[in-house]
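Residue numbers (numbering that gives the first Met the number 0), protein chains in the order written: chain A, 0 to 250; chain B, 0 to 258.
Since the hints were derived computationally from the structure, they do not count as laboratory data.
All residues carry an ideal CB built from backbone N, CA and C; glycine is no exception.
Among the hints, a few may not be true.
To be verified - Computed footprint of chain A on chain B, listed as stretches where at least three residues anywhere in the stretch have a Cβ under 8 Å from a Cβ of chain A:
(1) 57-68
(2) 85-93
(3) 97-104
(4) 108-114
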Amino acid sequence: MPVPRLGIICIGLILLWQAVVWITQVPPYILPPPKSVVLALMDHGPELLGHAGITLIEILAGLTIGTIFGAGSALLMMISRGTKHWIMPVLVISQAIPVFALAPLLVLWLGYGLSSKIAMAVLIIFFPVTAAFYDGLRSTEPQWLELARVMDAPPHAVLREIRIPAALPALASGLRVATAVAPIGAVVGEWVGSSAGLGFYMLHANARMQIDMMFAALALLSAMALILYFIADAGLRRLIFWQTEQEGTVR
Amino acid sequence: MSLQIDKTTAQLTVSTAPEISIEHLTFGHADQLLFKDFSFTVAAGQWTCLLGPSGCGKSTLLRMISGSLTQGVAGRIQFSGQPRMRGQAAWMAQKDLLLPWLSVLENVLLGARLRGTLCAGHRQRALELLEAVGLGDHTQALPDSLSGGMRQRAALLRTLMEKRPVILMDEPFSALDALTRLKLQNLAARLVKGATVLLVTHDPWEALRIGHRIYIMKERPVRLSRVFLPPGTPPRSPDREEIASMYAQLLAQLVEKRN
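With the rest of the complex left out, here is chain A (with noise of 0.2 Å):
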């Protein structure tokens, strides 16, 4: 029953925070309580929502090429040896990096448009999901693979029918980690250099003091990514439909 605990959890974060307005008496400038909030939500909700609007697409579009991007690599590193001894060194750099110091050149190169924080979040979740579908293919069971061996199965038939199917499920952890992480890439790219997006907005309500309205686009921003969470989480359980509960992976 993961909604009803996540309200509870929900509640109970939003009890705590009234409590500590209370007992701190801390100015409505630096810690809001929760009722100015939620008015801030009601009052620019409009508004509020075009900005996470945007950044939903910057999501989105960024998780959708970095998986692509991602599941490719690990495909092509295990196809041929070759290109892993290449590929690999390419995905070091890539994390060695770190991608938020990337931030302003991308803006520079790519614009305050969406593609310079589309890059930011394919930069974010490449190597998760590489390294986790890299895994999952390498670990194929030994014994399916000496059982295809004798069956004189051809290397593209167990690639299809056994090694793929059999990493997906760490290729879904890795899409999992994806998920969680690809608002921070867009987040910060809008943060650098945008006109519009949540990170916009509240770089905007934080220079003009409206701290009310950054808890609101912060609040929005969270939800925005829970409920993105659980719609891959529950689509990646459909896909994988073969993997019990008792195996299953973070709810």
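Dock chain B against chain A, hints included.
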């Protein structure tokens, strides 16, 4: 290598099963060879059982015969005097190795599916076999929803669908409970007739129930005992006196070897 399935009994008959001759086989680390100049002939068209404890090299021998293990193997393995070719051997392991994302039917058809030769005839034959072994209601089920015995029955059919003249079995029934094992042994003995079967096991009863010829494997380097030829046709029932006395002999040899 023609093969027919009798529809009423779903029995499999392979007309030209080869004899497997293993000559001067050497394998293992130089300081402690697992096989050293090992020679052995598996009789054509019969069930030969190799009896020995886990880790004595039984599985390794099967892998060398199936061709999955060739690296570091010296010596010669021939099928009826010819070098081993593709498509001659099928392999059945202790684990059923059913792919969890394929239905029972698809798993039974795995070989043809992997080779890209799947046709309606295969499907028809697989359905008949599944019906004959009592899995007719579970053809579309996923393996995880079946019991261990049902899964191993499906694995047996997958092995039979390969229509290979040589069948290599690596403790195929040892993970099952006693009653299920008994049923599976009967089923296997009934369905596989005429193929050259090499079955390795650590269970003397199993060898006595379904083997035409039984050898005890002694390890490092591997040597075989004299052949035991249990009387009668398999599957035998263990209540006969000769079988019981042969069981005692086999057990005595197995125990003696360990000391």
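Going through the hints against the structure:
1. Coverage of the stretch 57-68 of chain B by chain A holds. Counting CB-CB distances below 8 Å, 4 residues qualify, and the rule asks for three or more.
2. Counting residues of the stretch 85-93 of chain B whose CB lies closer than 8 Å to any CB of chain A gives 6, so the stated coverage by that chain holds, three being the minimum.
3. Figure legend: the stretch 97-104 of chain B, annotated as covered by chain A; annotation consistent (3 residues with Cβ-Cβ distances under 8 Å, at least 3 required).
4. Coverage of the stretch 108-114 of chain B by chain A holds in this model, with 5 residues showing a Cβ closer than 8 Å to a Cβ of that chain against a need of three.
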